[in-house]
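Visitor: These protein sequences, in sequence, are chains A and B.
For the first sequence, this note's numbering assigns the number 541 to the last residue and increments by one with no breaks.
For the second sequence, this note's numbering assigns the number 276 to the last residue and increments by one with no breaks.
Among these hints, one or two may not hold up.
What the hints assert, rightly or not - With a Cα cut of at most 30 Å, we get these calculated DSSO-like pairs of lysine-lysine:
{"hint": "1", "chain 1": "A", "residue 1": "LYS183", "chain 2": "B", "residue 2": "LYS153"}
{"hint": "2", "chain 1": "A", "residue 1": "LYS199", "chain 2": "B", "residue 2": "LYS270"}
{"hint": "3", "chain 1": "A", "residue 1": "LYS224", "chain 2": "B", "residue 2": "LYS153"}
{"hint": "4", "chain 1": "A", "residue 1": "LYS534", "chain 2": "B", "residue 2": "LYS126"}
{"hint": "5", "chain 1": "B", "residue 1": "LYS270", "chain 2": "A", "residue 2": "LYS464"}
{"hint": "6", "chain 1": "A", "residue 1": "LYS224", "chain 2": "B", "residue 2": "LYS195"}
{"hint": "7", "chain 1": "A", "residue 1": "LYS212", "chain 2": "B", "residue 2": "LYS153"}
{"hint": "8", "chain 1": "B", "residue 1": "LYS126", "chain 2": "A", "residue 2": "LYS415"}
{"hint": "9", "chain 1": "A", "residue 1": "LYS411", "chain 2": "B", "residue 2": "LYS126"}
{"hint": "10", "chain 1": "A", "residue 1": "LYS534", "chain 2": "B", "residue 2": "LYS68"}
None of these hints come from the bench; they were simulated from the model.
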Amino acid sequence: MTVEKPPLINPYDNLPSFDLAEPKAYSPSEREELLRRYYPDYRPDRKTTLHVGANAGDVLPDEIASILESRSILSKNVLPAVPSTPDIEVDLLVIGGGGAGIMASIFAMEAGARVLLATKLRVGDSNTVMAEGGIQVALGEDDSPVQHFKDAYRGGHFTGDPELLSVLVREGPDVISWLIRKGVLFDRDPSGNLSLRKGGGTTRPRLISAKDYTGLEIVRVLKEDLLNSGVTIWEFSPAVELLQGPEGSCAGAILKDVDNGSLKWVKANAVLLATGGTGRLHIGDFATSNHFGATGDGLVMAYRMGAKLLNMESFQYHPTGVIYPSEMAGMLITEAVRGAGARMFNRHGKRFVQELETRDVVASAIIRECEEGRGVRTPSGHHGVYLDLTAIDREMGEGTVERRFPNIVKLMGKHQVDCTKQPILVYPTLHYQNGGIASDTSGRTHVKGLYVAGEASGGVHGKNRLMGNSLLEVFVYGRRVGEEAAREALERKPFSWHEVNLGHVEGFQKNLEKEFPGTSRPEAPILFPDYRKHSHPDHA
Amino acid sequence: MFQYEAPEGAQMIQVWINGKEWQVPEGLTMIQAMWYTGHEVIHGIGCLGGVCGACAAVYRMPGNFRLFNALACQTLVKEGMAFSLIASYPTQRAQYDIEQIPDAKEGLFTLYPESATCRNCNACTEVCPQGIDVRTSVWQAAFGDFKGVAETTMSCVMCGLCVSRCIAEMAPHEIALYARRAYGSRELAFPENLRQRMDSVASGTYDEELERLSRLSPDQLKLECGVK
Ligand SMILES: Cc1cc2nc3c(=O)[nH]c(=O)nc-3n(C[C@H](O)[C@H](O)[C@H](O)COP(=O)(O)OP(=O)(O)OC[C@H]3O[C@@H](n4cnc5c(N)ncnc54)[C@H](O)[C@@H]3O)c2cc1C
Ligand code: SF4
Ligand code: SF4
Ligand code: FES
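With these hints in hand, go ahead and build the complete structure from the sequences.
Guide: Spelled out as structure tokens, the structure:
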């Protein structure tokens, strides 16, 4: 096939005229072929087979394999010696201050545990605060938790864990009521009921939201409730390694104070990983919608200790991330705009996919357009397609975009794009980690004393997550795992600090040396992505 | 590895970061300009998406006496701009349990007695990077119109810039948060559709069916869930 080379243009000069003709629907086999050829998960390039650890044999994206088969950041040669006493002793250490970590901390505290919440940036600086679209909860008259279960299982391409899913849908309504009692304001219909919207891949309208500020509205409230709860909070203190106790169990963690580099040794009866996702690893060089701290640290630490991971080859590339203006690269435009009638066009002004196809199909179609030369070139050399919101106002009345998507209008406006009048240039953005650390319905991993909740966990969504189910997972499992971990922490047989060590890290590094003799391995967790342009000695 | 690139052929411009002069390409945000010049940014960065409020910044433009504020992850540098991040602004925050406060309206004056002392200078509104009419929200709170506060302050990212300017030394965003929570938790009727669904879940309506589904073989389950 000959590939046209698009000329260099300012994407807003010479806009093509948009031809509204609807593209034809794909047949199942066309859809499959499109995914196989263009969706990053299914492409064979940029993949590595794991050799070390519980998931040896898995074929994963290079960037994930690289952090999993890595050395500790604590030393080049010898690991630090365990000090004679820990810096702090608690029942439960929660690592990560996003939605899952905050929920877990509040509920563990209520269950009577002494809780330390350690997080990388400030509490609430997370993917949770960024959520725009909403939360799925089955409230409609023609809807039920059973229907929700079926949609989620089908949406996950029949790979989700049924037990985890049934807990999710059953406990959903109750956890939402807790949020409301704490003062979270969800959109209401005129009769005072929670308004329900339709999201992609569901058979019923089931999304509750707070305009397109859903995550922000929830985090504002949760953070304040946490600050008033008595939980001990250490900000700017990422975990860099777990600690091993009797019989290979988890016995605490080492935190690193990012301001002075000092290490804080935490002894804990239970440790809960709520470290969220991996967008900032920029798998396949994709831009990301994720917050600055989404570097998969929890996966790295848990894997070294022997925890199993699930579905780590599977990621969600959200079709509509901003690609121009370039300084906004990766920022999400919620799929609710396509639900409301936004249309997509290639460089020639032609539509190329039905906009309400599933996320993976739409993303693949955009990648195809760009790889075959029908994308719009941006001034920094990337390609994208037009996402036009003006159709929404035309069809649903002037002012609809402004009313329903105030956040998008405000953010694009700050970069001189009036998206009520101009199209937005988009390209898929790395958005969500479908897989993660395997656990049961109480968040127990394969390592005793180690628990997981939220995006860091795998299983609920299988290989694909429907919009709105991840926030629900964060609140349902954050609460549930916080309570369970607290209970088990309080019951755990006491052990002494002398039994605590870093043997698992030593063992893992020995295995690395065996598998990769004479080669240096990357160090992880990486904690912060490095976008600095100029040389700096500590990063040379 | 992925990089935030300036547009091809971008002009170099002069900026001052924390008081020091640098040359950077136009088309970068303040935070990207800091990366470009080799700064490691850890305080003053969070979502990079304009919603977490971690990146409050203050800046001046040449030949202009005015002091501007902005979110550093969303604001492009311009020729001659001098800026600094305000990674944290000390703020007084009340301790309370929203469900236990005896009277939601009175609670505001117990927790934030200063909320009735607004002097109407409007500095808070002028500084707000989200374009919120902050002064109005403070008056709405003081007059007990918590619903109004909720609507006015929907997009507040809790950056604290309004605190930095208030001549009555109050924290308008904390006051607003109290009013929003009091409205949602104590004043607004609990949604009926949610109450009904909670009742039917609690009475076990779905348990049998969910358990049956969880026990099916993968093939059977696929059959039951596959059809819409
Ligand atoms: C832009 C955007 C929009 C979204 N919209 C929706 C939506 O509409 N509906 C929906 O259901 N889902 C949505 N999602 C997904 C959803 O928001 C996330 O999956 C979910 O919030 C994850 O919550 P979490 O608590 O597991 O992780 P996070 O909220 O990301 O929290 C993880 C926390 O752990 C911290 N951390 C990381 N590493 C360490 C370490 N080593 N030590 C200590 N702390 C650490 C992080 O800094 C962060 O604070 C969206 C996601 C994004 C990015
Ligand atoms: S109201 Fe205050 S805290 Fe909220 S966004 Fe505006 S300036 Fe920031
Ligand atoms: S800055 Fe303070 S005193 Fe001035 S209008 Fe705002 S709340 Fe009132
Ligand atoms: S980093 Fe979150 S608002 Fe700028």
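Visitor: Does B/LYS153 sit within 30 Å of A/LYS212, going by the straight-line distance between their CA atoms?
Guide: 26 Å, holds
Visitor: Need the status of pair A/LYS534, B/LYS126: alpha-carbon distance at most 30 Å?
Guide: 19 Å, holds
Visitor: Mind checking the alpha carbons of A/LYS224 and B/LYS195 for me, to see if they're no more than 30 Å apart?
Guide: 21 Å, holds
Visitor: Assess, step by step, whether the Cα of A/LYS183 is no farther than 30 Å from the Cα of B/LYS153, and give holds or violated.
Guide: The given pair, whose Cα atoms are some 16 Å apart, holds under the 30 Å limit.
Visitor: Taking 30 Å as the top limit, are the C-alpha atoms of A/LYS534 and B/LYS68 close enough?
Guide: 18 Å, holds
Visitor: Do the alpha carbons of A/LYS411 and B/LYS126 lie within 30 Å of each other, as the hint requires?
Guide: 20 Å, holds
Visitor: A/LYS224 and B/LYS153 were given as a pair; does the straight-line alpha-carbon distance stay at or below 30 Å?
Guide: 22 Å, holds
Visitor: Against the 30 Å threshold, does the CA-CA distance of B/LYS126 and A/LYS415 hold or violate the hint?
Guide: 14 Å, holds
Visitor: Given the hinted pair B/LYS270 and A/LYS464, is their alpha-carbon gap at most 30 Å?
Guide: This hinted pair holds, its Cα atoms lying about 15 Å apart.
Visitor: Is the Cα-Cα distance between A/LYS199 and B/LYS270 30 Å or less?
Guide: 23 Å, holds
Violated hints for the displayed structure: none, as all numbered hints are satisfied.
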